[in-house]
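Undergrad: Listed here are the chains, written in short residue letters.
Protein chains: 4
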Amino acid sequence: MGEGMTIKVAINGYGTIGKRVADAVACQPDMEIVGVSKTSMNADAYIAKARGYPLYIADMTKRADFENAGVSIAGTVIEMIAKADVVVDATPGGIGLKNKPMYEEHKVQAIYQGGEKHTTTGFSFNSSVNYDGAQGRQFVRVVSCNTTGLVRIINEVDKEFGVEKVRAVMVRRASDPGDIKRGPVDAIVLDPVTLPSHHGPDVQSVLNHIDITTAAMIVPTTFMHMHTVQMTLKKPATREAVLELCRAHSRIGLINKAAGIKSTAELKEHMQDLGRPRSDMWENGIFEESVSIVDGNELWLFQAIHQEADVVVENVDAIRAMASDVPAAESIRMTNEALGFVAVK
Amino acid sequence: MGEGMTIKVAINGYGTIGKRVADAVACQPDMEIVGVSKTSMNADAYIAKARGYPLYIADMTKRADFENAGVSIAGTVIEMIAKADVVVDATPGGIGLKNKPMYEEHKVQAIYQGGEKHTTTGFSFNSSVNYDGAQGRQFVRVVSCNTTGLVRIINEVDKEFGVEKVRAVMVRRASDPGDIKRGPVDAIVLDPVTLPSHHGPDVQSVLNHIDITTAAMIVPTTFMHMHTVQMTLKKPATREAVLELCRAHSRIGLINKAAGIKSTAELKEHMQDLGRPRSDMWENGIFEESVSIVDGNELWLFQAIHQEADVVVENVDAIRAMASDVPAAESIRMTNEALGFVAVK
Amino acid sequence: MGEGMTIKVAINGYGTIGKRVADAVACQPDMEIVGVSKTSMNADAYIAKARGYPLYIADMTKRADFENAGVSIAGTVIEMIAKADVVVDATPGGIGLKNKPMYEEHKVQAIYQGGEKHTTTGFSFNSSVNYDGAQGRQFVRVVSCNTTGLVRIINEVDKEFGVEKVRAVMVRRASDPGDIKRGPVDAIVLDPVTLPSHHGPDVQSVLNHIDITTAAMIVPTTFMHMHTVQMTLKKPATREAVLELCRAHSRIGLINKAAGIKSTAELKEHMQDLGRPRSDMWENGIFEESVSIVDGNELWLFQAIHQEADVVVENVDAIRAMASDVPAAESIRMTNEALGFVAVK
Amino acid sequence: MGEGMTIKVAINGYGTIGKRVADAVACQPDMEIVGVSKTSMNADAYIAKARGYPLYIADMTKRADFENAGVSIAGTVIEMIAKADVVVDATPGGIGLKNKPMYEEHKVQAIYQGGEKHTTTGFSFNSSVNYDGAQGRQFVRVVSCNTTGLVRIINEVDKEFGVEKVRAVMVRRASDPGDIKRGPVDAIVLDPVTLPSHHGPDVQSVLNHIDITTAAMIVPTTFMHMHTVQMTLKKPATREAVLELCRAHSRIGLINKAAGIKSTAELKEHMQDLGRPRSDMWENGIFEESVSIVDGNELWLFQAIHQEADVVVENVDAIRAMASDVPAAESIRMTNEALGFVAVK
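Protein chains in written order, with my numbering: chain A, 87 to 431; chain B, 87 to 431; chain C, 87 to 431; chain D, 87 to 431.
One thing to keep in mind: the hints can contain errors.
Taking lysine-lysine pairs in the DSSO-like style, the calculated list, with each CA pair at most 27 Å apart, reads [stated by the list, open to error]: (1) D:K343 <-> C:K135; (2) D:K320 <-> A:K320; (3) D:K193 <-> A:K251.
Residues of chain C clear of chain D, computed beta-carbon distances all greater than 10 Å [to be verified]: (4) K169; (5) E190; (6) H192; (7) E330.
Hints are computed from structural coordinates only; laboratory data are not their basis. Predicted model, so just to flag it, every value in this text is computed and none were measured. All C-beta atoms in this analysis are idealised placements derived from N, C-alpha and C, irrespective of residue type, glycine included.
All chains should be built: construct the whole structure from the sequences, respecting the hints.
TA: So this is what it looks like as structure tokens:
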């Protein structure tokens with residue numbers, strides 16, 4: 087990108103993640119939204135219109151559904167892609183792979199989400215770990231919300247103390263707040279029943295030297311996942327040194343004791359009170375009181391991960407990593423500043 | 087109030103309702119927040135600090151809890167009240183009555199919430215019904231979220247068609263989103279078991295000529311109440327004429343079919359996407375598709391009521407009704423404009 | 087059926103309803119289970135085995151899945167049907183219609199559930215209303231749990247006082263307790279958004295002279311539906327007279343005040359404590375305290391309806407109505423006695 | 087106890103645990119219920135009456151509440167205790183300690199639940215670990231449901247392979263199914279926020295040589311807790327050898343893959359289908375598919391623990407351990423047989 091040029095970004099799939107990435111891109115000084123796409127008319131189309139994002143659809147037979155509702159259609163998804171430098175593919179898991187030939191044909195760079203496999207892109211991204219490796223790639227995958235949350239804290243601890251082994255249990259939200267179809271209503275569901283879960287290997291797609299075993303289950307809540315993370319360290323650590331690492335990372339938020347927050351619901355309420363867009367928590371929410379050193383070399387902590395939000399900032403960085411020469415630290419600073427990060431209390 | 091003077095408002099009880107009223111007051115051109123009060127340190131204190139609201143406490147022995155957490159205390163609740171023209175009492179139900187002698191002693195006007203009884207003030211308020219009656223009163227009660235929602239729609243329909251009888255079933259949220267203590271987790275709770283519920287008489291505290299019977303239950307959700315409202319009309323009505331009434335009222339929002347919203351969760355998500363502060367829906371959310379005329383003279387409809395939000399705008403109007411000479415229509419316009427109302431789609 | 091002969095019953099679809107009907111049939115003195123069917127191996131197959139019910143499957147390629155798990159397969163669904171006098175079709179909604187030609191070909195009587203349309207059989211059944219009309223029919227439909235619950239109470243009140251108009255709001259459970267897929271987790275869902283709901287016409291499929299308007303929604307709970315029922319009466323009634331009607335009907339249970347039960351969860355717990363099979367409540371659970379006469383001629387009440395159970399006893403009676411000459415009152419008595427009905431306190 | 091004598095058991099606190107222990111005691115050949123106690127009238131009193139258990143109350147001023155509801159009162163709690171050899175104190179946590187002087191004065195043996203501290207009795211009991219140690223003691227504490235579940239599996243694995251270290255994460259149900267007051271409705275609550283949780287030391291009250299670190303949280307479900315248990319072993323183990331240990335223990339149930347059960351809700355449904363009283367699962371429910379050996383010496387598994395049930399059988403054994411000379415293995419066999427244990431599939 088030349089000086090003063092903006093990166094033209096299209097969002098293919100204007101849903102839970104796509105609408106958040108669109109707004110985050112739109113407020114960056116070096117990016118602009120050239121279009122967003124949807125498959126069928128619903129309330130999100132009114133939001134795209136209110137934001138002024140040109141709206142594209144794959145199936146033009148549905149054009150009337152939108153236009154009868156007062157929402158203009160700018161053209162087809164292929165027309166949208168032709169206007170973009172980078173496409174953020176936020177379609178449901180598995181669809182991204184089917185879209186790949188389209189991106190290849192139009193020679194556009196594309197960013198996939200964690201619902202796609204590592205093999206779809208051959209490169210799994212985290213801003214703090216391998217930003218530079220994304221430069222010039224046509225395809226990059228931003229890992230899932232859970233993996234992003236694990237990678238952030240493991241990488242920091244590993245750099246400072248060395249991580250011999252990670253054991254993590256992920257208690258996952260059943261559905262996003264606006265999703266009324268998925269359950270369960272009253273159950274704890276093992277997902278998967280088998281152990282270990284796939285989250286360990288997914289962390290290794292970014293941090294391939296880390297020995298990690300994970301377990302995962304689903305519980306009937308809509309706000310955030312909760313991770314119990316245990317790391318056996320190579321070097322001795324103090325609780326205070328670990329807290330210091332957290333404070334030093336712009337995407338790790340420490341929830342302090344005085345705030346009296348001990349649940350995902352209270353944490354979501356706090357994000358809402360802070361005036362965050364969509365009450366989003368882009369950071370790992372680590373509970374300061376939980377951070378403990380057990381038996382000398384075992385670090386234990388709880389962290390809340392907002393499933394709709396933590397990958398949003400990673401997507402913005404991935405755009406810069408692929409399509410500009412802005413260095414990692416500067417990109418992270420720009421992304422955070424544009425969103426008006428306010429520290430999690 | 088003289089020309090150019092601002093009404094000095096104190097919020098006694100900076101919780102779910104209080105923090106919303108504080109922000110709504112703060113953005114009005116003719117009001118200012120002179121202080122907010124809390125009983126113990128928690129995350130809300132950080133929010134008051136971030137907003138720049140002077141923070142007062144009743145029990146000064148707790149001062150250190152706040153100051154050790156970096157939050158300054160401006161003084162006692164009594165000192166706060168001494169600075170105010172109007173106090174919005176947003177303390178938990180029943181506490182307001184205990185505060186009354188304090189307000190009387192300090193000759194300050196006070197607004198109570200629906201958790202207090204009608205007899206505490208002798209005047210129950212709704213902006214659209216009896217704004218003028220509040221003028222000059224020392225004590226006014228803004229009726230509860232459910233009653234406010236019922237009053238708004240019943241009054242409009244009654245003025246146009248005459249209401250012979252109202253039958254309403256209120257399905258209420260179990261707890262606010264940030265409240266982790268109240269259940270149930272998996273039950274429908276009759277509250278009360280006896281019929282009719284107290285909501286009918288509470289509507290009559292504002293609209294005393296309306297014949298209304300109500301039933302109420304609690305279900306395990308955190309977002310919004312849902313009302314099934316049936317009104318037997320005195321004059322014939324058409325569905326379109328009722329929709330027109332709704333469109334004409336600035337605090338009744340119609341949720342149109344194209345938005346595809348059929349639940350409280352999707353409606354909350356839409357408020358969030360619109361960028362509303364705290365995702366608040368200040369309006370009655372009436373589902374356009376549900377509005378029906380049955381058997382010629384029975385109007386049926388579903389409306390969603392955001393328990394944390396619909397009374398917020400009524401509180402702001404009540405302040406003006408009591409402490410200024412701004413007429414009702416102008417107050418409503420000012421309140422709405424300052425909050426940047428965007429129509430519910 | 088000759089003297090001493092038993093009615094041979096097959097259960098096509100051994101799921102939530104099917105497994106309950108199977109056990110209820112098995113304990114009747116004049117019936118026997120000749121087989122139950124399943125489509126794929128799961129825990130229910132172990133239950134069928136433990137009960138000694140011959141297990142049949144439609145798709146014999148799945149035989150190994152069962153037999154490798156230690157469950158014998160007795161044959162195909164068609165072989166099962168050939169052994170039966172009456173088939174209870176408890177397959178998922180819509181499948182029953184597809185099975186109809188099979189039942190016609192094998193000249194077997196079949197009972198459908200409320201998930202099938204009235205037109206599939208032309209006859210919708212309730213033991214208290216139209217038992218005699220089922221005699222000799224090949225196809226009968228037992229109406230849904232909600233409709234069964236409404237029909238029971240409306241019919242009793244109508245016979246005694248005359249019902250001019252019924253208005254009912256059904257607050258429905260989101261999923262059965264063992265169903266982990268269906269949501270919502272945290273929402274009130276209008277189902278349908280349009281008013282009135284289809285439940286009124288469904289009541290009319292049994293009681294065609296009743297004027298009824300209904301509304302329905304879904305809430306995140308797994309135990310029982312809750313109905314708010316309002317009936318405008320033709321003749322004056324007293325609360326005590328209505329309670330007397332309830333006490334006189336063997337499938338209407340009154341939940342008395344001293345039990346302190348005010349929710350579906352506590353009611354389910356009480357069924358469990360009573361030792362009911364699967365904690366089933368076969369009766370309408372009417373809350374005694376809720377029964378009220380308003381404005382002289384309006385009856386209001388709350389009733390809980392156990393979605394998995396109330397139709398079970400109706401299915402048993404429908405079998406007798408279709409395939410024996412046992413009169414209605416005797417069938418109801420036999421069904422109740424065999425299950426060991428204990429009054430709901 | 088002499089030959090043919092029965093142990094006289096009183097249940098102080100006829101609630102969730104008390105009513106289950108009462109029924110389990112009542113079906114033992116060598117025990118009888120001499121009375122159960124309640125503090126106020128509710129549905130449970132009807133159950134005690136239906137079972138024929140003499141009902142006692144502490145506060146005789148409430149006698150009329152019971153008797154007006156048709157439930158006879160046999161006398162005071164003190165009179166009940168005077169008739170008993172052993173009292174099972176199933177009062178809410180903390181009340182048991184207050185009852186201790188009463189038991190001491192009346193020289194009656196008493197069994198406490200896990201809500202009381204270890205120091206209240208000085209002896210924490212598990213049938214498989216320290217049955218013999220209870221003999222002749224006046225006070226014994228049956229550890230909590232979570233601790234009982236952990237102790238069972240850890241002890242078996244430790245005896246066979248040696249356990250170097252246990253790390254367990256407990257995801258706990260928010261409230262019992264019939265409890266409509268406790269939440270949260272939609273949140274994951276850290277309980278406690280600090281790490282490690284108190285469950286490790288509580289395991290050590292029974293197995294004091296085990297090195298164990300635990301974390302605990304609460305989720306909005308009513309059926310069962312779910313444990314992720316990781317044990318670092320001293321000797322090499324195979325998955326099959328661990329499964330064999332589970333199969334050999336009468337209170338560890340293996341949930342096999344063919345049953346298709348992957349959640350607490352499906353497991354509860356299966357207990358219900360088996361005809362278990364109150365759908366109770368007295369065993370640890372270990373998911374066979376989850377049992378894994380990682381990195382050679384790390385055993386991982388998921389186990390479901392029914393919070394209302396697993397301690398019931400331990401209480402029955404504790405009675406025998408304290409008040410008879412029946413040996414441990416024989417007591418466990420008698421308890422299981424009387425309840426009609428059917429293996430969890």
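Undergrad: All hints are to be evaluated individually against the structure, with a verdict given for each.
TA: Hints and how they fare:
no.: 1; hint: D:K343 <-> C:K135; result: 17 Å, holds
no.: 2; hint: D:K320 <-> A:K320; result: 21 Å, holds
no.: 3; hint: D:K193 <-> A:K251; result: 54 Å, violated
no.: 4; hint: K169; result: 24 Å, holds
no.: 5; hint: E190; result: 33 Å, holds
no.: 6; hint: H192; result: 29 Å, holds
no.: 7; hint: E330; result: 18 Å, holds
Violated hint for the displayed structure: number 3, the only one.
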